[in-house]
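**Student:** Take a look at the letters that make up each chain.
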Amino acid sequence: MTLALSGTADLCRGLEEHTRSVIRLKAPGAVPSSTGADFTVVRTSDDLKRAIQDSNEPIFAIDDGTGRFLLSEGLPRRAIAVPAQFSYLDAGDVIGIHAPSGKFRTLYRHNSRHNSFLVTERCNNYCLMCSQPPKDIDDWWILNEIRESLPLLDKNTRTLTFTGGEPLSDWIEFIGILADCRDQLPKTAIQVLTNGRAFAKSEIVDAWRKVNHPSLIAAIPVYAAVDHVHDYVVQAKGAFDETILGILKLKDRGQRVEVRVVLHALTAPMISETCRWIARNLPFVDHVALMGLENTGFAIANDAQLWIDPIDYQAALADAVDLLVAANVNVSVYNLQRCVLARSVWPYAAQSISDWKNAFVAECEPCTEKTRCAGFFSSGRPRRSKAISPIL
Amino acid sequence: MARFLAAEAFSSPSDGLSLLPFNFERTGTEQFLVSNMVGDFIRLTEDEIKKLIDLKLKAGDGLYEKAYAAHLITGSRQKSQQQLLALRLRSRMSFLREVTPLHMFVVTLRCEHSCPYCQVSRQSTDRSRFDMSEATAQRGLDIAFQSKSSRIKIEFQGGEPLLNFGLIKTIVSAAQTRSAVLGKKVDFVIATNLALLDDTILAFCKANEILLSTSLDGPADLHNKNRPRPGGNSYELAVSGIRRAQETLGSDRVGALMTTTEGSLDRVDEIIDEYLKLGLDGIFLRPLSPFGFAIKTKQYHRYDAQSWLEFYKRGLQRILDINHQGTPFREFYSSLILTRMLTDKPIGYVDLRSPAGVGIGALVYNYDGSVFASDEGRMLAETGDNAFRLGHVDEDDYRSLVLSDKLVDAISASLTQCAPECSTCVFESHCGANPVHHHATQGDALGIKPLSDFCARQKGIMRHLLRILDESPRDAAILRRWAGS
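First to last, the sequence lines map onto chains A and B. Be aware that the first sequence starts at 1, since it is given in our numbering, and climbs by one per residue. Be aware that the second sequence starts at 1, since it is given in our numbering, and climbs by one per residue.
One or more hints might be untrue.
[Unchecked claim] List of simulated lysine-lysine pairs, PhoX-like, C-alpha gap at most 20 Å:
| id | chain 1 | residue 1 | chain 2 | residue 2 |
| --- | --- | --- | --- | --- |
| 1 | A | Lys251 | A | Lys201 |
| 2 | B | Lys459 | B | Lys449 |
| 3 | A | Lys210 | A | Lys135 |
| 4 | B | Lys345 | A | Lys251 |
| 5 | A | Lys155 | A | Lys135 |
| 6 | B | Lys153 | B | Lys185 |
| 7 | A | Lys251 | B | Lys79 |
| 8 | B | Lys185 | B | Lys206 |
| 9 | A | Lys237 | A | Lys251 |
| 10 | B | Lys148 | B | Lys184 |
| 11 | A | Lys237 | B | Lys79 |
| 12 | A | Lys237 | B | Lys51 |
| 13 | B | Lys185 | B | Lys148 |
| 14 | A | Lys201 | B | Lys185 |
| 15 | A | Lys251 | A | Lys210 |
If you're looking for bench data, these hints aren't it; they were derived computationally from the structure.
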């Protein structure tokens, strides 16, 4: 099942001072921090009454399904109430809320391994299979929201991803955020999903390096060894040249790079050639991820060009993994189920789908590999291979 | 939603196409082998190579994709294709950063063996005349520690270096002292026939982490015929020496080399089996070199490059079969070539590099203090040819030796990157200049390559390895494992 990561609050008051606010949930009774951003999470009328009696702290009320306790009187000055589908929210989670409309987004879940921040919806690529179709809108406010969020995150957060759009669209501001991560979350590994084209400019890659972040990686898609194939997939002429130059400049400056290949009908049939080329030309990248397609966003619109049953590229993918392994390149296969992968690929197949959109199907019940399997995307319009069947 | 553009919108480079440098050779009536600037190979038909040269290719025709991925073409205004080639070439050539990592000390020319193929022209008498003095050794060390490498290797050569073990001990101790002071790491190897190996020597090697490198030509009769000594027991002593060294120093601390003589040619399986029996992890199938006694005794001319290649190919097949049966075992020269063909690791191996490894890869300090650009160079001098004698430890320092006209001339004259035949050779990226060999065989550091047995062997080995990689997946999987590890 897919978690709702955004919605509209039933009540949002006391936040009118700013159009947008970032708040963090805290357990009832826990001491609030000096940030002023902590809201006590309450789930029942009793919780609510107790919280109101105990203190005048801000309240974050999650409906228990009855809708009744929201009517309680004597709410503190600052209070937010959200519908029952957000009952997954808990202490330590961080939320961004737009006070005038009550629209909010879950920015960070304390108990998740898959926290990511969308940096912008703008992008200079227009990938045929984009899961987050770009919009040419003025969304600089997101950068401020991220800046406000970072001090509220658990310092022990293991990984954080920045995605888009193209996170480097406003590169000066975004690299400032990386510096904030370095200072405020020194133990957190940072992954940035970028098309890499910005790094063709030396001033940008130099600024990136100067952050001197202890654990930062740029994850950059390369869809083919040939310019026109890549350019077509990303719908931008000249993108291949800039992306490859960007990777070279990052590595030249000792920065970590992951190469990502999304597998669909335009890339999967030639995945062996692409990986042979990566093994020969970019063996110094830190990781290569070969990724099953998430059938959402533009991928649905372009289904006719993009859909290929993973079982039909099983052999090519096995060959591709073998070539990378032989060249000592770290490789992982993401988003594909074990029953569609050659056994030689299993050791490299990761459980990669973010927890909030990960699911299995009925056939998976008896499967002995289920606990090690990536499973399926529950997002978008899932398509499945004809080869899905339990491994017994 | 903005409209998506069709594939055709991205298919023709608006700025036109340009060729990138490549070499090629005809391999059949319609077939060509093509290599790019860093030695990646692809095979093209005659029709394809003509279209490529005329730039009559377009996206989607298959040839464009092949040529682009192989860095044979680039969009005229694109930068990444050339940057990738530049980066890879820089990596491949970066062996040049470690200048003169190898220093060979000929601590004596005396030897108790009397091998007819000896490349050195060993001496059997007169200790005072043919042993290196301590003063000469210290001067040699001065020079060795002047080279810029962060890590140097000192190899003890002969004659039989164990005949002057006292000097080896002195040099090791002095080198360690200098290493500690200068922060330059130093490794040691003794090239020995092991006949004089004893517990004292083994203990010394163990205490100082010294590697042993020895000769093993094959089964007893062949080895003893190739390597006569009083008692006719060279084989027995070598084998027991290898075993003792393996036990005392560790199995990876002793290696053996074989030399191919006429008598070896039809016995490659037995030779390999000797190495297997001793638990060695591979063999170096090595042809005779045209130096020293090998010329004087006419050993060198007993077989040609073709017969050696047949010997090599049979041996390689035997080795591949051994691997298929589950025992990892390598042919070391093939491993080196495969590492060059399949990776961009810098390989400074002396016969596989250009600029040549003479002087800037290795220096040899002869027993009498003269300094040579390579081991083969001092072998030439033993037969009266001083072409690669760079100077003397008493008169020169590292700089004057390495910048001597003799050395600069030999290296610049032999660059494969611009030599006739080499510069257009499809194997150039993986081969090397071999000025001493060509000087010895043709009287010219560059040499006429179609007449060169070195060239014939190199091409023969590489063609053979490529054929296996292309046509025999099961064998190719083994060969790939040898590359780069």
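**Student:** So, for every hint listed, does it hold in this structure?
**Tutor:** Verification of the hints:
{"no.": "1", "hint": "A:Lys251 to A:Lys201", "result": "14 Å, holds"}
{"no.": "2", "hint": "B:Lys459 to B:Lys449", "result": "11 Å, holds"}
{"no.": "3", "hint": "A:Lys210 to A:Lys135", "result": "30 Å, violated"}
{"no.": "4", "hint": "B:Lys345 to A:Lys251", "result": "17 Å, holds"}
{"no.": "5", "hint": "A:Lys155 to A:Lys135", "result": "32 Å, violated"}
{"no.": "6", "hint": "B:Lys153 to B:Lys185", "result": "8 Å, holds"}
{"no.": "7", "hint": "A:Lys251 to B:Lys79", "result": "16 Å, holds"}
{"no.": "8", "hint": "B:Lys185 to B:Lys206", "result": "17 Å, holds"}
{"no.": "9", "hint": "A:Lys237 to A:Lys251", "result": "24 Å, violated"}
{"no.": "10", "hint": "B:Lys148 to B:Lys184", "result": "9 Å, holds"}
{"no.": "11", "hint": "A:Lys237 to B:Lys79", "result": "14 Å, holds"}
{"no.": "12", "hint": "A:Lys237 to B:Lys51", "result": "25 Å, violated"}
{"no.": "13", "hint": "B:Lys185 to B:Lys148", "result": "12 Å, holds"}
{"no.": "14", "hint": "A:Lys201 to B:Lys185", "result": "40 Å, violated"}
{"no.": "15", "hint": "A:Lys251 to A:Lys210", "result": "14 Å, holds"}
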